[in-house]
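**Q** What follows is the residue order along each chain.
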Amino acid sequence: MQGALRKGLVGWRVPVVGVSVLAVVGWVLFLGASLVFPKLAPVFWVQFAIDLFVLTLFGLSLNLLMGYGGMVSFGHAAYYALGAYASALLVKKAGLPMPLAFVLGPFFAAGGAMVFGFFAVRLTAIYFAMLTLAFSQIVFAVVFKWTKFTGGDDGIQGVWPIKALAAPPVSDNYYYFSLGVVLVCALLLYLIVNSPFGYTLRAIRENPRRAEMAGVNVRLHQWVAFVIAGFFAGVAGSLFVFFQGSVNPDYAGVARSTDPLIVALLGGMHNYLGPAVGALLYKIIFFYVGRQFPFLWQLIVGIILLGVILLFPGGIMGAITERRWRRLPFGRRKGVPTVAPGEVETPTGSSVGGGNGGR
Amino acid sequence: MDWLAENTPRIVVQLLSGLSVGVLLFLVSSGLSLIFGVSRVVNFAHGALYMVGAYLAYTIMRLAPGSGPYFWLALLGAPLGVALLGLLVEVLFLRRIYQAEHIYQLLLTIAIAFIIGDTVRTIWGAENRSVTRPDFLTATIPILGQAFPSYNLVILGLGPVVLGALWWVFYRTRWGMLVRAATWDRDMLGALGVNTPLVYSTVFVFGAWLAGLGGALVAPIQGLSPGMDASVIILAFVAVVIGGLGSFFGTLVSAVVIGEVQALAVLNPFLRQYDLVLPFALMALVLIVKPVGLFGRPE
Amino acid sequence: MAGDKVIFACKGLSKAFGGLRAVDGVDLEVREGELRALIGPNGAGKSTFFNLVTGQLRRDRGEVYFNGHRIDGLAPYQVMRKGIARTFQITSTFRRLTALENVQVALFVHHQRHLNPLALFVPGHKSMAEQALHLLEQVGLADSAHKPAGVLSYGDQKRLELAIALASEPRLLLLDEPTAGMAPTERREAMALIARIARERGLTLLFTEHDMDVVFGYAERITVMHQGKVLVEGLPEEVRASPEVQRVYLGEHG
Chain A
1 MQGALRKGLV GWRVPVVGVS VLAVVGWVLF LGASLVFPKL APVFWVQFAI DLFVLTLFGL
61 SLNLLMGYGG MVSFGHAAYY ALGAYASALL VKKAGLPMPL AFVLGPFFAA GGAMVFGFFA
121 VRLTAIYFAM LTLAFSQIVF AVVFKWTKFT GGDDGIQGVW PIKALAAPPV SDNYYYFSLG
181 VVLVCALLLY LIVNSPFGYT LRAIRENPRR AEMAGVNVRL HQWVAFVIAG FFAGVAGSLF
241 VFFQGSVNPD YAGVARSTDP LIVALLGGMH NYLGPAVGAL LYKIIFFYVG RQFPFLWQLI
301 VGIILLGVIL LFPGGIMGAI TERRWRRLPF GRRKGVPTVA PGEVETPTGS SVGGGNGGR
Chain B
1001 MDWLAENTPR IVVQLLSGLS VGVLLFLVSS GLSLIFGVSR VVNFAHGALY MVGAYLAYTI
1061 MRLAPGSGPY FWLALLGAPL GVALLGLLVE VLFLRRIYQA EHIYQLLLTI AIAFIIGDTV
1121 RTIWGAENRS VTRPDFLTAT IPILGQAFPS YNLVILGLGP VVLGALWWVF YRTRWGMLVR
1181 AATWDRDMLG ALGVNTPLVY STVFVFGAWL AGLGGALVAP IQGLSPGMDA SVIILAFVAV
1241 VIGGLGSFFG TLVSAVVIGE VQALAVLNPF LRQYDLVLPF ALMALVLIVK PVGLFGRPE
Chain C
2001 MAGDKVIFAC KGLSKAFGGL RAVDGVDLEV REGELRALIG PNGAGKSTFF NLVTGQLRRD
2061 RGEVYFNGHR IDGLAPYQVM RKGIARTFQI TSTFRRLTAL ENVQVALFVH HQRHLNPLAL
2121 FVPGHKSMAE QALHLLEQVG LADSAHKPAG VLSYGDQKRL ELAIALASEP RLLLLDEPTA
2181 GMAPTERREA MALIARIARE RGLTLLFTEH DMDVVFGYAE RITVMHQGKV LVEGLPEEVR
2241 ASPEVQRVYL GEHG
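If you're matching them up, the sequences are chains A, B and C in order. Just so you know, we're using my numbering here: the first sequence kicks off at 1 and counts up by one. Just so you know, we're using my numbering here: the second sequence kicks off at 1001 and counts up by one. Just so you know, we're using my numbering here: the third sequence kicks off at 2001 and counts up by one.
Honestly, the hints are just simulated from the structure, not real lab data. Keep in mind that a hint or two might mislead.
[Claimed, not checked] Listed next, the stretches of chain A that the computed footprint assigns to chain B, with coverage defined by at least 3 CB atoms under 8 Å from CB atoms of chain B:
hint, segment
1, 24-33
2, 255-267
[Said to hold, decoys possible] Some chain B residues close to chain A (C-beta under 10 Å, calculated; not the full set):
hint, residue
3, 1003
4, 1006
5, 1088
6, 1111
7, 1280
8, 1281
[To be verified] Heads up, simulated SDA-like pairs for lysine to any residue below, C-alpha to C-alpha not over 20 Å straight-line:
hint, chain 1, residue 1, chain 2, residue 2
9, B, 1290, C, 2229
10, A, 283, A, 28
11, C, 2229, C, 2042
12, A, 145, B, 1274
13, A, 39, B, 1271
14, A, 92, B, 1290
15, A, 145, B, 1271
16, A, 145, B, 1290
Quantities reported herein were computed from a predicted structural model and do not represent experimental measurements. Virtual Cβ for every residue (Gly too), placed ideally from N, Cα, C.
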């Protein structure tokens, strides 16, 4: 839909209507379904959905860096944990009311991202990945060892939301709250990746040297992206802490950092909704397969990852959009027959990344 | 100064012990560095290969606990088994993604690490295990009045031997020269008419063999735990990144430095608490000051 | 066509790589609106010179002035914002963005929208699309506006690079071998286009080129570099007649 709009603007007209009507219907159905969902579904599935919303936002925030900025962070959980711990500590130690703590938490995450990101964006590719990993390990170690302040291994317990949002075991209200927060954040992130800022970020991903030669202060731009991604990871963390009622060092663990990576890859990192789709699939696989074989969960994830990377490097959304545009007649436009819009942002099928080089 | 005089024996023993940790770390991280240098793939599965080496060695040594010959057999057999596994991984998966973007390479090797890790845990179980050292290496040797395990001394002795062997391989054999050429300039190999895929495969297999050797050597001292793959890979990465990706010498220096830093940290109550983060803090510091590591070359 | 005002100048610009003096005390003055060619055999230091001017390489010594401001020591993006733009010898575009988006990004940057907090939630694809399309029309690429840059033909990528460069409304355009890799007829067309746009916009042009037909067909003045130094500078006919130039080029090109 986004591609179609873009084309429509500068004079190229296609039967976009079909596509956008489909999208509108899809969104209406989705919103309607998610509004009635907690009334119909058992508590377990309501919890499942909240979990999913949080992971979706976490994945979307990472994908701003990875899919749009070409920066692979191995330590995104650092900002998730900073948001979570900040909110929890603001409630428990500073005695702030929950709504205020919830709003302030992500700013601490953004602050952390500002400090760590300042150094990280100076590095390229693998060094960037390793430094982000190192920073997340430092956060992990601090919350793990600073027992007096952070509760150490046990973490902080009893971090519950205000009464309106809480009733055991989980209230419908917290579900609606999470849904609303994640939708708003997802919309903001969508606007950001499609803003001039977002396009410039993609240009940097494609060719940092050229971007610099067009007058872009590349590091500054990447730094800003890093802070924005950290902020929204912090929102995800804050949201999760009031859902769980507790926070512990695992929030900053390596596994927490690989979750959004897997989710983005699975769904497709060159599509905005990719991480959302990936999160849904990831949670479903976990529910139906992972829970039965908890000791084989990594094996299952590994096999899925292998399959996606070798067969569908564009993820699920990549596979869908490419197919769709190829099959439908208006996928091939007059005068521009060779390239389907789906390929604009997706490395073409067979060659895993297409040899464009990346960073 | 008094403290120093009083603690000299402890410090010396810690230094030695740190050195032996450094040697083991070097075995693992040198393979990682080698593979990266040639194929530009950062192999996250390296820790899993190391773990397989340790478990294979454990299985062989358990056939006759304490036996010298079985110990040597394990040191020979386990790395070979890991090399074979490495060959499989390279031919089946890695080969397909040498041209892909970094991100796909990273995630693919993570996937392989996950798969190998869980497979090992399925085969050998999730409990911690230990295996006795061979009888002739159980003794401790007094150094300045402190007991130092003879096994660690053997590892210390092995360090220079391995280093010498690696030097010989890379500077005296045709294969080694090809590998060095590839590390320097990948396109050169093709231009020279060399069978490039073969070089890539053999490098990966050799790297896996080194990881297997590290794992086999470590089994009798540190025991085996199902999380050993993750902890070693992270440390090995830190070593490689500090030294500079692709720099053999850099990896050696940083592996030893990390071993020593961790060993000496034990002597200080505050640092001891944070011994796990020290390597990361060190890495962060190095990267901030020198973005490509101590001896790395900018791309 | 050139005015009297010196818009670009450098004094004693030098850069050595190890023992090799790639650029060795170059003095150069270019007048506003001038079409200046920078030629010389391979390894004469032309590309290094460009990289020094744009700040991609750090100079060892020397000063660079543009439009009255000293620009040496600035980061590349700062140099670009002073009103200089460049293209590369090997085409360099944002491959997975469309041609239109390539130019849009350059426009965003020039108009300071890319980091403007107020524009953070503005739809980028609508933003400055008209201007971008207009620039693509000028270089003859409007038909390919929605193709990813990576699938464009080599010549079209060069045109796209030109459009990206023009987006920043530069006063000085540095072109590193604008016709390299093109067929002879294509070269003439490309250079004619560049010269026409430069004249229309009153642009100053400094370009390197190996094709002597292109150089002598379009350059108003020519600077010849050899072994990092300026060998000769003058009008095309003066350069053509220079025995020193002939000596240097006979050795190289026969």
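**Q** The structure should be examined with respect to each hint, and the outcome stated for every one.
**A** Tested hints:
{"no.": "1", "hint": "24-33", "verdict": "violated (count 0)"}
{"no.": "2", "hint": "255-267", "verdict": "holds (count 4)"}
{"no.": "3", "hint": "1003", "verdict": "violated (25 Å)"}
{"no.": "4", "hint": "1006", "verdict": "violated (28 Å)"}
{"no.": "5", "hint": "1088", "verdict": "violated (13 Å)"}
{"no.": "6", "hint": "1111", "verdict": "holds (4 Å)"}
{"no.": "7", "hint": "1280", "verdict": "holds (4 Å)"}
{"no.": "8", "hint": "1281", "verdict": "holds (7 Å)"}
{"no.": "9", "hint": "B:1290 with C:2229", "verdict": "violated (34 Å)"}
{"no.": "10", "hint": "A:283 with A:28", "verdict": "violated (23 Å)"}
{"no.": "11", "hint": "C:2229 with C:2042", "verdict": "holds (13 Å)"}
{"no.": "12", "hint": "A:145 with B:1274", "verdict": "holds (8 Å)"}
{"no.": "13", "hint": "A:39 with B:1271", "verdict": "violated (53 Å)"}
{"no.": "14", "hint": "A:92 with B:1290", "verdict": "violated (40 Å)"}
{"no.": "15", "hint": "A:145 with B:1271", "verdict": "holds (11 Å)"}
{"no.": "16", "hint": "A:145 with B:1290", "verdict": "violated (29 Å)"}
When each numbered hint is compared with the structure, violations occur for hints 1, 3, 4, 5, 9, 10, 13, 14, 16.
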